[in-house]
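Colleague: Sequence:
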Amino acid sequence: LRSTSIDELPELWNVLKGEMSLVGPRPLFLSYVERYSPEQSRRLEALPGLTGWAQINGRNAVSWDDRFKMDVWYVDNRNLLLDIRILLITLFKVLKREGISREGQATMNEFMGTEAPDES
Numbered sequence: 001l002r003s004t005s006i007d008e009l010p011e012l013w014n015v016l017k018g019e020m021s022l023v024g025p026r027p028l029f030l031s032y033v034e035r036y037s038p039e040q041s042r043r044l045e046a047l048p049g050l051t052g053w054a055q056i057n058g059r060n061a062v063s064w065d066d067r068f069k070m071d072v073w074y075v076d077n078r079n080l081l082l083d084i085r086i087l088l089i090t091l092f093k094v095l096k097r098e099g100i101s102r103e104g105q106a107t108m109n110e111f112m113g114t115e116a117p118d119e120s
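Take the sequence shown: its letter number 46 is residue 46 in UniProt numbering, and every next letter is one higher.
Everything labelled a hint here was simulated from the structure, so no lab data went into it. Here the structure is a predicted model, which means the values were calculated and not measured. Treat the hints loosely; a few may be bogus.
List of simulated lysine-lysine pairs, DSSO-like, C-alpha gap at most 30 Å [as the list claims (entries may be wrong)]:
| no. | residue 1 | residue 2 |
| --- | --- | --- |
| 1 | Lys93 | Lys17 |
| 2 | Lys17 | Lys69 |
| 3 | Lys69 | Lys93 |
| 4 | Lys96 | Lys69 |
Construct the complete structure from the given sequences, taking the supplied hints into account.
Modeller: Structure follows, in structure tokens:
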């Protein structure tokens, strides 16, 4: 199921209920929200999606920091044409089974938060 992304299909019900969108930052554990920096929390300005900008640009193979930057970029740049582009690329990647997991593991490591830069 994981290799074909079929495990994501139950989330279509959430899209139909209006709790999610087809495209947007992927939903994460609620426990992560308190660990977000103010900039990272901007990802919550859009409905979560079945797929998103970070998913077509590396999915689980990118760092948490890069993933959050891509989510915020999407929030700032979202529009219908971008959503269509993301959906088409997602379909292509799912059919090719590309970018599903990080090398050596099936999912991302737990997000532990972003350390503040050293002020010294």
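Colleague: Does each hint fit the structure? Answer for all of them.
Modeller: Evaluation of the provided hints:
1. Restraint check for Lys93 and Lys17: satisfied, since their Cα atoms lie roughly 26 Å apart, inside the 30 Å limit.
2. Taken as a hint, the Lys17 and Lys69 pair is honoured in the structure, with Cα atoms around 28 Å apart against an allowance of 30 Å.
3. The suggested pairing of Lys69 with Lys93 holds, with an alpha-carbon distance near 21 Å, which does not exceed 30 Å.
4. Distance restraint check for Lys96 and Lys69: the Cα-Cα separation of roughly 25 Å lies within the 30 Å cut-off, and the hinted pair is therefore satisfied.
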